[in-house]
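Student: Listed here are the chains, written in short residue letters.
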Amino acid sequence: MDTALLNRLKDIAISDSGFIFDPYSGATFNTNETGRFILQLLKEGNGIDAIQSEIRKHFKTSEEDLRSDIYEFINLLMEAQLLPKSFQC
Amino acid sequence: MDQPKTSYEKPVLVKYQNGSSDKFGRLQAITPMTHIDGWPVQDLIEKYGSPLFVFSERTMVHKCRELKELLALRYPKFQLAWSFKTNYLNAICRVFDREGSWAEVVSEFEFEKALRLGIPSSRIILNGPYKTESALERALKGGTRIHIDHFDELSLLEKVADRLGMRPEVGIRVNFSLSSVPNWDRFGFNLENGQASSAVKRLTTGKRLTLSGLHCHIGTFVLDPQAYREATAKMALFAKQLCDEMGLSIKWIDLGGGFASTNTLHSQYLPGNQVTPSFSQYVEAIAEGLENLNGPTSELPLLFLETGRALIDEAGYLLATVQANKRLSDGRRAVVVDTGIHHLITSLWYRHEIVPAQEFNGTFEPTAIFGPLCMNLDVIRANILYPPLKVGDRLVIKTVGAYNVTQWMQFITLRPNVVMISRNGQCDIIRHKETLDHLVALEEVPPWI
Numbered sequence: 001m002d003t004a005l006l007n008r009l010k011d012i013a014i015s016d017s018g019f020i021f022d023p024y025s026g027a028t029f030n031t032n033e034t035g036r037f038i039l040q041l042l043k044e045g046n047g048i049d050a051i052q053s054e055i056r057k058h059f060k061t062s063e064e065d066l067r068s069d070i071y072e073f074i075n076l077l078m079e080a081q082l083l084p085k086s087f088q089c
Numbered sequence: 001m002d003q004p005k006t007s008y009e010k011p012v013l014v015k016y017q018n019g020s021s022d023k024f025g026r027l028q029a030i031t032p033m034t035h036i037d038g039w040p041v042q043d044l045i046e047k048y049g050s051p052l053f054v055f056s057e058r059t060m061v062h063k064c065r066e067l068k069e070l071l072a073l074r075y076p077k078f079q080l081a082w083s084f085k086t087n088y089l090n091a092i093c094r095v096f097d098r099e100g101s102w103a104e105v106v107s108e109f110e111f112e113k114a115l116r117l118g119i120p121s122s123r124i125i126l127n128g129p130y131k132t133e134s135a136l137e138r139a140l141k142g143g144t145r146i147h148i149d150h151f152d153e154l155s156l157l158e159k160v161a162d163r164l165g166m167r168p169e170v171g172i173r174v175n176f177s178l179s180s181v182p183n184w185d186r187f188g189f190n191l192e193n194g195q196a197s198s199a200v201k202r203l204t205t206g207k208r209l210t211l212s213g214l215h216c217h218i219g220t221f222v223l224d225p226q227a228y229r230e231a232t233a234k235m236a237l238f239a240k241q242l243c244d245e246m247g248l249s250i251k252w253i254d255l256g257g258g259f260a261s262t263n264t265l266h267s268q269y270l271p272g273n274q275v276t277p278s279f280s281q282y283v284e285a286i287a288e289g290l291e292n293l294n295g296p297t298s299e300l301p302l303l304f305l306e307t308g309r310a311l312i313d314e315a316g317y318l319l320a321t322v323q324a325n326k327r328l329s330d331g332r333r334a335v336v337v338d339t340g341i342h343h344l345i346t347s348l349w350y351r352h353e354i355v356p357a358q359e360f361n362g363t364f365e366p367t368a369i370f371g372p373l374c375m376n377l378d379v380i381r382a383n384i385l386y387p388p389l390k391v392g393d394r395l396v397i398k399t400v401g402a403y404n405v406t407q408w409m410q411f412i413t414l415r416p417n418v419v420m421i422s423r424n425g426q427c428d429i430i431r432h433k434e435t436l437d438h439l440v441a442l443e444e445v446p447p448w449i
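Protein sequences, first through last, are from chains G and U.
Per the numbering used here, numbering through the first sequence is continuous, rising by one, with the last residue being 89.
Per the numbering used here, numbering through the second sequence is continuous, rising by one, with the last residue being 449.
Heads up, some of the hints might be wrong.
As the list claims (entries may be wrong) - If you only want the chain G side, here are some residues facing chain U, beta carbon under 7 Å, derived:
id, residue
1, F21
2, D22
3, Y24
4, S25
5, T28
6, T31
7, Q40
8, L41
9, K43
10, F59
11, L76
No lab work stands behind these hints, which were simulated from the structure alone.
Backbone N, C-alpha and C fix where the C-beta goes; we use that ideal spot for every residue, glycine too.
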């Protein structure tokens with residue numbers, strides 16, 4: 001992941017309860033624990049497989065493939081302009 | 001020691017909208033409905049399939065008796081007539097018949113259905129703007145009360161009565177303007193422009209019919225009870241005028257239907273369960289209007305009410321199953337369920353209350369609930385703040401008892417089972433789900449194709 005994007009992501013504030021503040025736009029959001037967890041992993045520069053693997057370690061789930069949910073969440077972050085449309089994971 | 005894992009939930013992201021809230025803008029509580037009249041929703045679906053219409057006999061009987069008890073307190077002579085078009089499944093009609101209701105029908109098909117159910121012809125009211133000659137003949141022979149809608153029907157009825165050598169008692173349908181509801185002038189003869197008086201003169205001078213009843217139907221989903229006070233007063237004063245000026249004795253006044261249920265119209269700001277008038281308010285308003293009648297009780301006209309929706313809507317539930325979650329282009333969540341507008345025509349009129357049938361956790365999100373049709377119009381709720389749903393979760397769509405199982409259609413998918421839960425907890429199918437055989441049985445392929 002490029003440095004500028006990592007810095008942008010690092011500047012996004014996330015509280016323990018899932019409250020998100022984007023200092024660039026002033027927009028605020030709410031996310032659930034899974035969303036908070038994924039966002040944190042994205043901030044650390046993790047890719048899709050690593051994120052999926054970490055979710056399995058941290059959460060109790062019988063879902064066979066979590067990639068649809070992760071990509072859907074990334075699309076939501078793009079729609080919210082928390083990630084650029086060009087983001088690749 | 002390892003910490004127990006947290007349950008996984010699909011990740012969500014909900015943007016806070018500043019400035020859009022007001023004093024009513026709080027999140028509305030959604031309480032899961034796991035049981036209907038003692039039956040677990042999950043069990044009902046496992047036994048009868050999904051989607052599934054469920055009717056509560058207990059609610060029907062309760063509503064019917066509540067209305068009758070209130071009427072009995074305010075007017076000595078009244079009779080409910082079950083509006084067949086609201087829901088004419090045999091079992092539903094049978095419940096209201098057993099509770100003492102007459103039948104109100106608006107077509108020959110409904111008339112035939114009522115007769116086949118064993119309802120005596122003399123306990124049927126024949127309304128509607130289109131009555132066939134054969135229906136009129138049958139109605140006259142059986143003593144059915146006929147409410148004449150227009151002059152052509154009056155002439156046709158005279159012809160049939162003449163052929164049968166009868167001089168039956170009939171009613172005419174009357175319409176008028178009211179201060180708080182739109183003027184429904186398509187049914188009957190207008191009072192203000194003199195058409196109703198002309199119809200009475202035409203009828204009495206024809207000497208083949210006797211005018212004994214007046215009928216009106218002021219609208220549908222009438223949220224202002226005072227409209228009934230005004231309408232009843234107009235009907236009562238017209239009856240007095242006919243008595244005073246023409247010596248006619250009006251033996252019955254029929255106020256039609258129109259009471260609202262607790263559903264919420266798309267145009268309504270507050271939810272229906274907060275603003276829909278109670279039966280008590282409607283009855284009070286009607287009783288005030290009836291004060292324009294006077295005379296001994298024995299001479300007071302019989303009051304008919306053809307209340308349909310308000311008696312059956314809350315007794316009906318539609319159970320559905322979540323088939324998919326997806327995202328729309330604006331990031332909004334969409335849920336696809338296995339029932340749609342073809343089963344639930346009333347979703348065009350109402351913001352139906354839809355609740356999960358199981359406990360839920362998680363962040364509420366703006367959500368669209370779509371049906372299974374490959375049609376853009378198949379929207380059950382366009383935007384509702386809703387908790388996360390998983391594929392296979394069950395939903396209960398509430399207050400669907402009126403007009404859906406009469407106006408539903410076979411379209412893309414087939415119509416589902418309908419069950420009724422009795423007051424003692426027994427659950428039975430009252431209409432079987434369709435199969436492809438039912439559908440194609442009426443079709444023909446000509447040999448030249």
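Student: Now tell me if each hint is right for this structure.
Tutor: So, going through the hints one by one against the coordinates:
no. : hint : verdict
1   : F21  : violated (10 Å)
2   : D22  : violated (10 Å)
3   : Y24  : violated (15 Å)
4   : S25  : violated (11 Å)
5   : T28  : holds (5 Å)
6   : T31  : holds (5 Å)
7   : Q40  : violated (12 Å)
8   : L41  : violated (11 Å)
9   : K43  : violated (14 Å)
10  : F59  : holds (4 Å)
11  : L76  : holds (4 Å)
The structure is inconsistent with the numbered hints 1, 2, 3, 4, 7, 8, 9, although it conforms to all the rest.
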